[in-house]
Each structure stands twice: as C-alpha cells, then as structure tokens.
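With chain D's structure known, arrange chain E on it following the hints.
Top line first, the protein sequences correspond to chains D and E. Under the numbering used here, think of the first position of the first sequence as 1, with each following residue one higher. Under the numbering used here, think of the first position of the second sequence as 1, with each following residue one higher.
Among the hints, erroneous ones may be present.
Stated by the list, open to error - Reference listing, derived: stretches of chain D covered by chain E, where coverage requires no fewer than 3 residues with Cβ under 8 Å from a Cβ of chain E:
1) 64 to 70
2) 199 to 207
3) 231 to 243
Claimed, not checked - Only pairs whose alpha carbons sit at most 27 Å apart, straight line, appear in this in silico DSSO-like list of lysine-lysine:
4) LYS268/D <-> LYS517/D
5) LYS414/D <-> LYS268/D
6) LYS66/E <-> LYS184/D
7) LYS163/E <-> LYS66/E
8) LYS184/D <-> LYS163/E
9) LYS489/D <-> LYS414/D
Claimed, not checked - Computed spacing ranges between beta-carbons, pair by pair:
10) SER62/E <-> TYR278/D: 56 to 64 Å
11) ALA149/E <-> THR141/D: 26 to 34 Å
12) VAL29/E <-> LEU115/D: 33 to 41 Å
13) MET215/D <-> ASP157/E: 36 to 44 Å
14) THR133/D <-> ASN73/E: 38 to 46 Å
15) ASN409/D <-> VAL29/E: 54 to 62 Å
16) SER62/E <-> THR133/D: 22 to 30 Å
17) VAL29/E <-> PHE288/D: 15 to 23 Å
18) PRO107/E <-> LEU54/D: 41 to 49 Å
19) ASN73/E <-> LEU115/D: 37 to 45 Å
20) ASN73/E <-> PRO50/D: 34 to 42 Å
Derived by calculation from the structure, the hints in this document are not laboratory data. Each residue gets a CB set at the ideal place from its N, CA and C atoms; glycine is no exception.
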Amino acid sequence: MAHGPAKGLSRWLLTTNHKDIGTLYLWFSFTMFLLGGFFAMIIRAELFQPGLQLVEPEFFNQMTTMHGLVMVFGAIMPSFVGLANWMIPMMIGAPDMALPRMNNWSFWILPPTFLMLASTLFMEGGAPNFGWTFYAPLSTTYAPSTVTYFIFGVHLMGLSSIMGSINIIATVVNMRAPGMTYMKMPMFVWTWLITAFLLVAVMPVLAGLVTMMLMDVHFGTSFFSAAGGGDPVLFQHIFWFFGHPEVYIIILPGFGVVSQIIPTFSRKPLFGYDSMVYATASIAFLSFIVWAHHMYTVGMPIAGELFFMYATMLIAVPTGVKVFNWITTMWRGSLTFETPMLFAIGFVFLFTIGGFTGVMLALAPADFQYHDSYFVVAHFHYVMVAGAVFSMTAAVYYWLPKWTGKMYNESMGKAQFWVSFVGFNLTFFPQHFVGLAGMPRRIPDYALQFTDFNMMSSIGAFIYGASQLFFLFNVIRTIIAGEPVNRDKVWEGAEGLEWTVSSPPPYHTFTTPPPVK
Amino acid sequence: MANTADSNVTKTVGKLLAVVVGMFAFVFVVMVPLYDVLCEQLGLNGKTGGRYEYVEAGVDSSREIKVQFVASNNEGMPWEFRPTVTMIKVNPGAATDTVFYAKNPQPENMVAQAVPSISPSRAAEYFHKTECFCFNQQPLAGGEETEMALQFIVDQDLPADIKTITLSYTLFDVTDRVDSDAVVSR
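The shape of chain D in the complex, shown without the other chains (with noise of 0.2 Å):
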C-alpha cells in the first residue's frame, strides 16, 4: 500500500491522490486569480480617469464579464474545492476520496474549460460582453457569436462542481473514522458538507438556463424572447434561483475556514459550535427563497417586493450569530496574530461590513436608489474579496506549514496582511460613495465629480494587485527555502486530525482509521 507518487508529468496527470488534486486545484485557482485580477486592473486602469484613455468601450465590457467569470467559476470555487480535497479526508480521517478518479476528471475538465473561455478573447466578435449575470436578451438576441462558447464553457464548470461536490457528501457520509459523528466534525467539513448540497441542487438549474439560451440562440425557441411568447425576465428569475445559493456557495466553506483558525489563534474551542451548525444550514436553507432581492426594479407586485425584503433580512439572525459566536470565541482568549489570525480577523470585520450594506440592499425601498450602482459593486467586493478570498488566503497561511511542512516567513505574511487591507479597502471603500451619489456600474467612462473617490480606487486596486503578487512570492519562497517545522502540531492551539500526522504528511495518511475521541 504504502508506495510514493509517480514520476513526472503522469503524477499529475493521472493522479488519484486527494492531496495531489487538492494541489492542482489550488494552483489552477490562483492561476485564475491572476488573470481575473489582470482583467480588473484593466479596469481600474481605464475607470482612473474620466473620459476613454486606454480600451474600447466593447473590450471594457468583456473585461468586466470575463473579470467576473473568471473570479467566481475559475478563481474562488475551484480555490474552495480545492481546499476541501486536500483537508476534508484529513479531517475526518478518511483515506481519500469516495471516487478518487472522478475527482481527478472533474479537476481537469477545468483548464481546458477555461483555457477555451479566455481564448474567445481573440476570436472575431470579441468575448462574451454581457455581464457574468449574462441577462438575456444581452446574451441571445444581442450575443456575439462567441456566446456558444462560453454555453458550452458554462456546462463544463458545471459538470466539474457537480462531480466535484457528489464526491465530498460521498466522501463525509460514508468514510468518516468510527467515532467521527455528524456533530464531532470539524466546521471546515460541516460548512462544506452544507455547500456542496446547495452546488448539487443549484449547478443543474444553471446548466437548464444555459441549455435555454442555447435553444433561444440557434434552434429558433422563445424561451425569453417576447416576440415569441417568452420573457425576458423569467431569465432573471432562473438565474437568480441560481445566482443567490451560489452566492452562499462562496462564502460558507469560507465562514468553515475561519470557525478552524479563530479557536486555534485563541486558544479555546470554538464558541457555540451547534449554533453554528444550525446558523449554516438556515443560511443554506433561506438563500433558495430570496432570490428576486436581486431583482427589485423588474416590477414585482408590492406583496412581492415585501416577501424577499423580509426574508433577505431574515439571513442577516443566522449570520449574526456566526459573527457573534466568532467574536466571542476571541472573547477573553489567549489571542496571538500570526498572519492567519490577522486574515481571519480581517474577514470577519470586512465581511460584517459588507453584510451590513447587504442589509442595505435588501430594503426594497432602497434598493431602488443603490440598483446596478457602484454601491452593489462595492457591497459584493466585501463579501467577495474580503469574504472569500481573504478566508482563502487565511487558509494557505494556516495550513501551508502542513502542505508542504515548512513554515512561512511570519514578517513577510504579515506584510501582506497589511498592505491586501489597506489595498483593499482604498479601493472598495470609495465605491460606496460614488454608488450612493449615482454612479452606475459597467461604464467605461463617468461624470467629473466621481474623479476622485475613482482615483482612490484604482490607486487601492494597484496596491491590492501587487499584494497578491507578494502573496505568491511568499508562497514559492515558503517552498524553496522555508524553514522546516519538524512537528505535527503546527499552532499549538490547534486541534484536529489533520494535526496528528506529520508536517509534510504522508502520501497516503489513515489508511487504518484513526482514533477520534
């Protein structure tokens, strides 16, 4: 049993190892990244100044789709899964995977997916340019051609994060060491468990909405076209069904990562532990019943408009008592701030600010004023960058001692704490001003007034830019040159399975099951 990896380009290849796809998918993930993150200082770029300076207003719409796509398909979903292969059979002391070799497929469907999405960068037409929210009839009626790509590109990702999500509630149902029960889990698995049934339920109704614009596109069906009998907002309506769920897709495995880092950074078990069980899957269970939040301006009916305005403000309890229960784990702690404690902190105090604006957005009232502007930019960044990303890179800090059993440079992660923050913020945090004053998002260009607060954000995006640009400098230099750590318990507040083996674990770790307390 005990044998080592392959040789060569067939080790990754052909690879069946949890911690070898874990692996691939998160260097796919920050591949992504980069280019996702190159597209949005394309745009900060051009949004520096007032008037047209460096791109096309056509080219600046595919940027902020692809921008868009690229983040949330190609950057922070596989970064998640990824995460979930390397620890969830660590975890649960699990030998690997329920179906190691679909995981490996449902991996490398990913490059080419993508790579045939970038590359209708230089096609004729152009990209997609309708916004990753692809309202029809921008994306049947007035689509570039390139549009069945990016259909067919859309069916590949979500054939990927259905396989990839069937293989960890197999995985968490069926292979969890004698002992391990549901409520002994680490939330990591719990919050990741809850995910992965939302992708089941939610990845086939994007994969039926793509289905119909293809129809609508090629084989002459009016699915939302009014001259046909169709409309073009049931495709608002789908896709939002879809659209909220995932929204929570992102952001729960996220609340999971930092529910492990806050209780070893302070030294205590994590503070409510049930509630927070109960808090996940009512946030899972409530973002099937919001959608039309998204949608206020369409003309619902008022009894309409008040039910999602109530039950969108409902998510804000279960929310809360995850912060709270956060907040009170630190409470009284032996507290220390290693870089993946100041990312989990940052997470918690930018995320509560963008769940607040979040709370802004749902008043339907409001809404009408903040619809479509800079504001809503604004709000998803926070909850999206400072939200999942900085969960993702709390992550890596947290665990890449283990991965690759060398430590990081603590002044060097922590610089990048400092400057990702202040980054961020410089660039987000105007966006809510020139939201409230009117500025509309997806333009190219904008009225004098908003100059500055714009210059604000482009400066921010450059430095935020940079900063994760540092971030993989950290992460090679941790490889090459980190200092070893020579022991299993890598924080000393740690708990948890994956703690008990050694730092680089084995190739292949609880081939016996472990004992679980």
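Same frame as chain D, now just chain E:
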C-alpha cells in the same frame, strides 16, 4: 467491510445523481410553465390572458374607465403601427370595439406578432379581450396596409381606485420564425 463501504458510496451517489437530474428537469417542467401560469393568473408584468369567453353580466353604468392605447415597434421593426383612437371611455361590462392600423412599408412580405401589456399591472386580470389581433400573427405583403380588430370588456369587479387602464402593444418582426410567403398567400 470494504464492500459495504463501496455499496454505501454507490447509494449516496445514486441519490445525488437523482437530485441533479431532478433539478435540471425542474427548470424546464416546473419553473418555466409555473412562471407563465403565475404571471397570467396574477397579472404580473402586465401580462394578459388569452381569449375571453363573453358572459352576460350586465353593464355598470355608474362609472367610466379611461382606456388608453399605446402602440410601439420593437427595435428594427419598420412597420407603421398605431391605434386609430388613442383613448376610449368605457363602462365596465360593456364590450367595446376598436382597431389598430398597420402598414408594411417594405417591399418584402413580412409577418408581425403583437405582444400586449397592461398598466397598472393590477388591472391586467380585469381586462378581458374577446377578440384581439395579438392572438394571431399578422402577415402583410410588401406595401400592404390593414386595420386590426380588438374587442375588449373591462370587468365589473375592477377595483374602484383604478380609473385609467393603459393597453400597450409592442410589435415584433417574426418573419424569420415563420415562412412569410406561405402565410401571406394564405
């Protein structure tokens, strides 16, 4: 031991695949039809119902409702399209006739489809069309013009606070979707 674990995994995967297939089907067989049914029943988006069977229920002559007509062309539609009268005052319960004018100024034969919408959308379920050109596609040969009939009844149960109803038609070019020559020669 290993065998039972494998068969448990197979069972889990089978259930999850059923969910995946079920959700994919749910979009097509539930969400799309449900949306249409809900919109028509509740008058959401100002969608109006299909042909209404006239029932004798008396005319409410105590109040008059203003019915306004609006006609517009969808993007790229070259036809002339307008109501012959822009406003009629009607008593709820009375069947009223009016016509819309349409002309195809192009040399080619074309087919159009009108799509109605009612504002305020709350009034949609009280606005009945017993005859409407929007129930059929309208073919016109090149240069031809026509008058298209509409007969409607405003329901007696129309809420008292609604004094004005606007009926708006958007005309779509559906020539590419049908065989226009065959339709015109019919």
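Hints and how they fare:
Counting residues of the region 64 to 70 of chain D whose beta carbon lies closer than 8 Å to any beta carbon of chain E gives 0, which falls below the threshold of three, so the coverage claim is violated. Coverage of the region 199 to 207 of chain D by chain E holds in this model, with 7 residues showing a Cβ closer than 8 Å to a Cβ of that chain against a need of three. Closer than 8 Å: that is the beta-carbon criterion, and the region 231 to 243 of chain D has 6 residues meeting it against chain E, so the requirement of 3 holds. Distance restraint check for LYS268/D and LYS517/D: the Cα-Cα separation of roughly 17 Å lies within the 27 Å cut-off, and the hinted pair is therefore satisfied.
With a CA separation close to 23 Å, the supplied pair LYS414/D and LYS268/D stays within the 27 Å bound. The hinted pair formed by LYS66/E and LYS184/D fails the criterion: a straight-line CA distance of about 68 Å is larger than 27 Å. In summary, the hint linking LYS163/E to LYS66/E is supported, as the alpha carbons are separated by about 6 Å, within the 27 Å threshold. With a C-alpha separation of about 64 Å, the suggested pairing of LYS184/D with LYS163/E is violated against the 27 Å cut-off.
Straight-line distance between C-alpha atoms of LYS489/D and LYS414/D comes to about 21 Å, which keeps the hinted pair within the 27 Å bound. Between SER62/E and TYR278/D the Cβ separation comes to about 58 Å, which falls inside the hinted range of 56 to 64 Å. For the pair ALA149/E and THR141/D, the supplied restraint of 26 to 34 Å holds, since their beta-carbon distance comes to about 30 Å. VAL29/E and LEU115/D have their C-beta atoms about 35 Å apart, which keeps the hinted 33 to 41 Å range intact.
The hinted range of 36 to 44 Å is satisfied by MET215/D and ASP157/E, whose Cβ atoms lie roughly 40 Å apart. A beta carbon spacing of about 28 Å between THR133/D and ASN73/E contradicts the range 38 to 46 Å that was offered as a hint. The hinted range of 54 to 62 Å is satisfied by ASN409/D and VAL29/E, whose Cβ atoms lie roughly 57 Å apart. Checked against the hint of 22 to 30 Å, the pair SER62/E and THR133/D fails, with Cβ atoms roughly 49 Å apart.
In this structure the hint that VAL29/E and PHE288/D lie 15 to 23 Å apart at CB holds, the actual value being about 18 Å. Evaluation of the 41 to 49 Å hint for PRO107/E and LEU54/D yields a pass: the beta carbon distance comes to about 45 Å. A hinted range of 37 to 45 Å holds for the C-beta pair ASN73/E and LEU115/D, which are about 43 Å apart. Range check, ASN73/E to PRO50/D: about 35 Å between beta-carbon atoms, so the 34 to 42 Å window is met.
Going down the numbered hints, you'll see the structure goes against 1, 6, 8, 14, 16, while the others check out.
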